[in-house]
Structure formats: C-alpha cells, structure tokens
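Once you've looked at the hints, dock chain B against the given chain A.
Chains as they are written, first to last, in this note's numbering: chain A, 106 to 224; chain B, 2 to 114.
None of these hints come from the bench; they were simulated from the model. These numbers come from a predicted model, not from an experiment. Incorrect hints may appear among the rest.
No farther apart than 27 Å at their CA atoms in a straight line, the calculated lysine-lysine pairs in the DSSO-like style are these [to be verified]:
(1) K114/B <-> K128/A
(2) K52/B <-> K25/B
(3) K110/B <-> K128/A
(4) K52/B <-> K114/B
(5) K172/A <-> K128/A
(6) K37/B <-> K114/B
(7) K124/A <-> K52/B
To give an idea of the interface, some chain B residues facing chain A are shown, with a C-beta separation under 7 Å as derived from the structure [what the hints assert, rightly or not]:
(8) Y98
(9) A100
(10) T102
(11) T104
(12) Q107
Here a beta-carbon is modelled for each residue, glycine too, at the ideal position from N, C-alpha and C.
Now for the letters of each chain:
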Amino acid sequence: QVQLVQSGAEVKKPGSSVKVSCKASGGSFRGYHITWVRQAPGQGLEWMGGVVPVFGTPLYAQEFQDKVTISADESTAYMELHSLRPEDTAVYFCARENTRVGGSGSLDYWGQGTLVTVS
Amino acid sequence: DIVMTQSPDSLAVSLGERATINCKSSQSILYSSNNKNYLAWYQQKPGQPPKVLIYWASTRESGVPDRFSGSGSGTNFTLTISSLQAEDMAVYYCQQYFATTRTFGQGTKVEIK
Chain A
106 QVQLVQSGAE VKKPGSSVKV SCKASGGSFR GYHITWVRQA PGQGLEWMGG
156 VVPVFGTPLY AQEFQDKVTI SADESTAYME LHSLRPEDTA VYFCARENTR
206 VGGSGSLDYW GQGTLVTVS
Chain B
2 DIVMTQSPDS LAVSLGERAT INCKSSQSIL YSSNNKNYLA WYQQKPGQPP
52 KVLIYWASTR ESGVPDRFSG SGSGTNFTLT ISSLQAEDMA VYYCQQYFAT
102 TRTFGQGTKV EIK
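The following block holds chain B by itself, in its conformation from the complex:
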C-alpha cells in the first residue's frame, strides 16, 4: 500500500496568517500518461463528514474559497491556507487515489493561535 505521511500533526496559526500542511507519499502518485497527481485534500470539522477541498493535487473544488491552494508533484505535496479564518479550524487529510487501494494521511489539526 502507498503510505501517506502528513506533517505536522497539528499547528496553531494566528488569524490572517498562512498555514501550510505537507503530505508525502511513499511512492510517486503522478501518472505519466496524463501528467496528473492522484491526490486530494479534505477538511473535516467535528461531527461532520469530510469535505473535498482540492483534487488532482492542485484543482480547487467548486465553492472552495481561493485562500485554499494545493501544490506539489510526485511524492511531495502541500496544502496552503493563505489567510487563516476562524472557520478553517478543522482536521485536514490528504488522500491518494493512484493505487487501487486508496489511503489517507493521518491528518493535521489546525487550530487558532
């Protein structure tokens, strides 16, 4: 299975500041024939199901604020929240869908400093 490792496990950021979450896959999740990275980012708030923010590593889901952006390729990926808002307090997960058995990262909890 492809192992997804996120860092850090948690971070505290002041309102209006940048939050950066990293995700590393144990093997490349870039499919050379279409040049797409098979990676998604999800946000989960307490008591709610996850919500997709980003897919193909850098494409924002419809309706997601543009302060959320995804980058990276191959094995190293980043989710950036450019200006943290109070409603962004949540746990964020990366997920690969390159392999037939999908896997999630362990999650990163974002709190307000």
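Chain A extracted, bound-state conformation:
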C-alpha cells in the first residue's frame, strides 16, 4: 500500500523560498506522474503542476510558471516555491496521478499536506 509522506510545516519570511518533499513509502513513483496541489485557507484546490519522475520535464499551470520548481526521483518528489508572499500561505499537497496503462488517470494517492505560512 503506497503512502505519500510530506515534510513538515514551514514558516517563512516574505521573499524567501521553501522546498517541500513528498516521499513514497511502500512503493515508488515509477511509471506515474506526481502532481502538486495548493489549497489556500478556506479555498478550493488549485493544480500547480506535475512531473514524470526521473525522466520527465515538469509542466506548470500558467499562474505558477515562474513561481514553482517541481522535480522528482523514483521515490521522492519536491516542490520549491520562490519569492514567497503572504498570499502563498496555504496547504500544499502532493498526489500520485495514476497514469499507468489501464490506470484510472486520477489522483489516487495523496500526501497529508504541508502548511506553508508566509509571515
């Protein structure tokens, strides 16, 4: 049973960067896409971007294009947010997209979420 375990909560100053990790426990990311999703306080889900681990080029939502760097090896994914502003305060989730042949295509496993506070 795959579990995605994210790094702990962070408090950052405006203008700094933060790097959040997402480790696959009980499996690997091989053959799957890894996605990052943002949820601001009291708000909905925003797809930030995703990557195919090891070989893939990251793909970003337009509004996160110059804001985030996503990378992944076979067992750990990373999401780095740059030039932090108070409005980047949010919970950040990683999720596995089941893109294997015959898979659901959906985000079938999620990390527990990492709260990033910019203040």
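The following block gives chain B in isolation, referenced to the frame of chain A:
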C-alpha cells in the same frame, strides 16, 4: 486552460435524500479514440486530503459506497449521492485530466439540512 465550473456552490440535503452536483467543462473532455471522459470526482473532509470517488466520469473507485455515482459526457457531468449519509458532509470537486494542465472545479459544499 480548460475551465471547470461546478454548480451549486453549496447545497443542504436531508439525510436519506438525493444530492446532485453538476460540473461543466469549457471544452469537451471526451477523447474520441478511446471514448473516455477524462474527469474525476473527489471528496474532501475538513483537515484531510481529497479522496478520489469517481474516475473516467463514471467508474467508482474501489471501496467507494455505491450510493456515489457519476454520469455525463463531453462537457456536462454530474455526481449523484443517492441517499445522503451524515458522513457524506464534505466538499466535492471535479477535475479534468484531458489537457496536459489539469484543472479543478471550485468545489461544492454538501451540508445536512
């Protein structure tokens, strides 16, 4: 980007009654070569990550109660909870995975009347 619009934003339903949530995409998310709609539905309870309920618009994820069903094709989709239970209080999101940049609907909050 494909815009996903859900309606309503919130609804209150009595226990045992039907809840219906709609999701409309700004362009078709039906892939003609495999006749699949690239749409998923998620349930999110407070303090928890989302959980997938439905994928390919109408396929229930393993372990999801059969009171949850998905329907629709092309640009119009529906999530139905046939008999609302107390544990179904949550926010529900649709998501398209047709385009390389995925997008979510804004969410629909389901409450008990």
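query: Taking the least C-beta to C-beta distance, is A100/B closer than 7 Å to chain A?
result: This interface hint is violated because 10 Å lies over the 7 Å limit.
query: Is the hinted pair K37/B and K114/B satisfied, with a Cα-Cα distance of at most 27 Å?
result: Answer violated: K37/B to K114/B is near 35 Å, above 27 Å.
message: Next pair to validate is K110/B with K128/A; report whether the Cα-Cα distance is within 27 Å.
response: Violated, because 31 Å separates the two Cα atoms, which is more than 27 Å.
task: Classify the hint on T102/B as holds or violated, based on whether any CB of chain A lies nearer than 7 Å to its CB.
output: Nearest chain A Cβ about 5 Å off; hint holds.
message: Just to be careful: measuring from the Cβ of Q107/B to every Cβ in chain A, is the smallest value less than 7 Å?
response: Because about 5 Å separates Q107/B from the closest Cβ in chain A, which is inside the 7 Å limit, the hint holds.
message: Hinted pair, alpha-carbon criterion (27 Å max): K172/A, K128/A. Please report holds or violated.
response: 22 Å, holds
query: Within 27 Å, alpha carbon to alpha carbon, are K114/B and K128/A?
result: 40 Å, violated
message: Checking one constraint from the list: CA of K124/A to CA of K52/B, max 27 Å. Satisfied?
response: 24 Å, holds
query: Given the proposed pairing of K52/B with K114/B, does the C-alpha separation stay at or below 27 Å?
result: Roughly 23 Å separates the two Cα atoms, so the pair holds.
- prompt: Close enough to count: is the Cβ of Y98/B nearer than 7 Å to one in chain A?
  reply: 5 Å, holds
- prompt: Straight-line Cα separation of K52/B and K25/B no greater than 27 Å?
  reply: Distance ~20 Å between K52/B and K25/B Cα, so the pair holds.
task: So, T104/B near chain A? Judge it on the closest CB pair being under 7 Å.
output: 6 Å, holds
The structure does not agree with the numbered hints 1, 3, 6 and 9 stated previously, though it agrees with the rest.
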